[in-house]
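Okay, here's what each chain looks like letter by letter:
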Amino acid sequence: MLEIKELKAEIEGKKILNGINLVVKPGEVHAVMGPNGAGKSTLSAVLAGRADYAVTGGEVSFNGKDLLDMTPEDRAREGVFLAFQYPVEIPGVSTTNFLKTAINEKRKYLGLEPMEATAFLKFMREKMELMEMDKALTSRSLNEGFSGGEKKRNEVFQMAMLEPKLTIMDETDSGLDIDALRLVSAGVNKLKDGERSFVVITHYQRLLDYIVPDFVHVLYKGRIVKSGDASLAKELEAKGYDWIKAEVEQDANA
Amino acid sequence: MAEEVDIIDQVVGQEYKYGFTTNIEMETAPKGLTEDTIRFISSKKTEPEWMLEYRLKAFRYWQSLSSPSWQNFSYPAVDYQDIIYYAAPKEKITLDSLDQVDPELLKTFEKLGISLSEQKRLTGVAVDAVFDSVSIATTFKDQLKEKGIIFCSMSEAVHEHPDLVKKYLSSVVPYTDNFFAALNAAVFSDGSFVYIPKGVRCPMELSTYFRINAENTGQFERTLIIADEGSYVSYLEGCTAPMRDENQLHAAVVELVALENAEIKYSTVQNWYPGDKNGKGGIYNFVTKRGICLGDYAKISWTQVETGSAITWKYPSCILKGDNSVGEFFSVAVTNNMQQADTGTKMIHIGKNTKSRIVSKGISAGKSHNTYRGLVKVNKKADKARNHTQCDSMLIGDRSGAHTFPYIEINNKSAMVEHEASTSKIGEDQIFYCNQRGIGTEEAIGLIVNGFCREVLNQLPMEFAVEAQKLLAVSLEGSVG
Ligand SMILES: Nc1ncnc2c1ncn2[C@@H]1O[C@H](COP(=O)(O)OP(=O)(O)O)[C@@H](O)[C@H]1O
Ligand SMILES: [Mg+2]
Chain C
1 MLEIKELKAE
11 IEGKKILNGI
21 NLVVKPGEVH
31 AVMGPNGAGK
41 STLSAVLAGR
51 ADYAVTGGEV
61 SFNGKDLLDM
71 TPEDRAREGV
81 FLAFQYPVEI
91 PGVSTTNFLK
101 TAINEKRKYL
111 GLEPMEATAF
121 LKFMREKMEL
131 MEMDKALTSR
141 SLNEGFSGGE
151 KKRNEVFQMA
161 MLEPKLTIMD
171 ETDSGLDIDA
181 LRLVSAGVNK
191 LKDGERSFVV
201 ITHYQRLLDY
211 IVPDFVHVLY
221 KGRIVKSGDA
231 SLAKELEAKG
241 YDWIKAEVEQ
251 DANA
Chain G
1001 MAEEVDIIDQ
1011 VVGQEYKYGF
1021 TTNIEMETAP
1031 KGLTEDTIRF
1041 ISSKKTEPEW
1051 MLEYRLKAFR
1061 YWQSLSSPSW
1071 QNFSYPAVDY
1081 QDIIYYAAPK
1091 EKITLDSLDQ
1101 VDPELLKTFE
1111 KLGISLSEQK
1121 RLTGVAVDAV
1131 FDSVSIATTF
1141 KDQLKEKGII
1151 FCSMSEAVHE
1161 HPDLVKKYLS
1171 SVVPYTDNFF
1181 AALNAAVFSD
1191 GSFVYIPKGV
1201 RCPMELSTYF
1211 RINAENTGQF
1221 ERTLIIADEG
1231 SYVSYLEGCT
1241 APMRDENQLH
1251 AAVVELVALE
1261 NAEIKYSTVQ
1271 NWYPGDKNGK
1281 GGIYNFVTKR
1291 GICLGDYAKI
1301 SWTQVETGSA
1311 ITWKYPSCIL
1321 KGDNSVGEFF
1331 SVAVTNNMQQ
1341 ADTGTKMIHI
1351 GKNTKSRIVS
1361 KGISAGKSHN
1371 TYRGLVKVNK
1381 KADKARNHTQ
1391 CDSMLIGDRS
1401 GAHTFPYIEI
1411 NNKSAMVEHE
1421 ASTSKIGEDQ
1431 IFYCNQRGIG
1441 TEEAIGLIVN
1451 GFCREVLNQL
1461 PMEFAVEAQK
1471 LLAVSLEGSV
1481 G
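Note that the protein sequences, when read in sequence, are chains C and G. Just so we're aligned, residue 1 is where the first sequence starts under our numbering, counting upward by one. Just so we're aligned, residue 1001 is where the second sequence starts under our numbering, counting upward by one.
No lab work stands behind these hints: they were computed from the structure. Predicted model, so just to flag it, every value in this text is computed and none were measured. We treat Cβ as the ideally placed atom computed from N, Cα and C, and that holds for glycine. Incorrect hints may have been included.
Stated by the list, open to error - Computed footprint of chain C on chain G, listed as stretches where at least three residues anywhere in the stretch have a Cβ under 8 angstroms from a Cβ of chain C:
| id | region |
| --- | --- |
| 1 | 1143–1149 |
| 2 | 1420–1432 |
| 3 | 1442–1456 |
Chain C with its partners taken away, still in its complex shape (with noise of 0.2 angstroms):
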């Protein structure tokens, strides 16, 4: 599904990434775990084709296509969804126009008829259903006014909608209560069907309670220096990221 080769990007001159290298089959979920700053936002950003960020060496392979050389809107009608960490807010835009638009410029691409009003609200009805959705969150402006659960259920919802091939999340727990929290893991939870898979990056092991990763990765000064399974994030729960950073440390001096 993915596969991602010494990737590297700055921006501003300010090297971030330096060789990031993760494959990702279909039907995995993999945790990308790592302190403040290591860059996990910057590779997401980087894989869903952020203009601010320039690639300055490796590859990307998405499902068998040169996803850097794709334009951001291609990467997202190919089945990459991002979960924003600040998602934005559009006045007068609702959640359900917005929604259509996306699914019909998708449609488009895939060389399909759009959908029709009625089959649209319908499936959305459904989603909205599976995701316990609150019905007056898709009719206000997308976003606008939300609170941060509810921007990130939204972009739960979005994802349900949009049925990606790949997901990442960035830091999609931040900001959550325990309630939401909850919430917002079924929703992905109910998305798994054994060929989507999931990137998500999170700074605390907490989310992975409730979304079981298969893999762990730790990022850090834009490498990842420690791959493991789900016991790897506990291991940083209780430890933090301090022996990391030693390791790391001392590799280099060695």
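Put chain G with the ligands on the given structure of chain C with help from the hints.
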């Protein structure tokens, strides 16, 4: 909601699509403006003496004026002797029968999405189609007549309803009002006339579609709407013009009169040719629009979506004379490339407990300039007048400009006047967010801009809201990247 998205899809990648010309034999006045030109126009319309006198008075007054210069834009001086003031299709037009209308003209309007033939008319909308200087046809006339509603061209009204015309023409916008009002009074060609009798709610939207076709011609239409006591009417105008390298002048006058308890809703979707990317050609849209709430509890509501024209210069205004009368102004003005707009409103509070509301959304892209200019005036005797003004500007790119000039004159201590203003830039973040959901940048801008204007677009009648959304997206094409 469902439509708006499809529409934005459809239009991306289109240029000004109304830029075609119709080849038809025209009868025109000789270029230039003298008393003879005015006599020519008047005689073409076989006008009564009083009408000609009025025109000549206005013309003499106009000659004493020079064009105003306080506006926040510049344009080359207009040579008023280099304009044709009257152009009409040569074939004699019988106003009541479409059979006699040149098929070329019917085709032109079909192409513009306005069907005049019985079978394909927009349901619920009566249309008056104006081509250059004359009205071609007015639909649904008979149905309206049954209710006593008069909806016809101004030329016809001068003949058929002289008393109403004499009483109200020039009563809201006198020819002495300003340079362009004087010019219009002298040479006005056609336009619509509406009268809604006492207590009648007009059962359909009334609409006029203005089309400039002829070259080197100015369009000077004149519209007068009178809503008698307790009546209601919703009126809409649309307009387009061919693409030409020369600037063309459009100087219209619109007068609205609302008597006691009457309501007039006037909507404009203005899409005159804006000129090319480099500012060549396009329409100068210099228009005087004003309504008066003559009676108590009268209401006048202006809604405008201004996307076209090289220069838009207009302030649809309300004189709130009756006690408890209400004036509203909802505006979207979009400028792209080299376009300029200086638009807004005047709310003049004269009666007691009068209320006004102003919502203005300006969007500037390219190297364009977009100015809001608005006056809220509360007279001495206007106890407890209220105004709320909201004025939002959105910038696309960093070479465009947004300007706001709110004027407030208050002569009564009980007045409550509020003004809110904001300026925002379409954020990279917003666009990237849309991109990440599979929405391309042009579509994203259409979506964001439509959202920004939602409050105003919601005021438009359904059929036209869709059209307006299309226009917004089209007029901003190529504004990024
Ligand atoms: N726009 C930017 N300009 C300059 N530096 C940036 C920018 N965005 C991120 N950085 C820097 O890149 C590094 C990695 O940031 P980020 O990817 O957000 O880390 P994380 O998500 O792991 O906390 C940080 O040192 C941050 O300050
Ligand atoms: Mg981050």
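Hints the structure violates: just list their numbers, smallest first. Going through the list in order, the structure violates hint 1 alone and respects the others.
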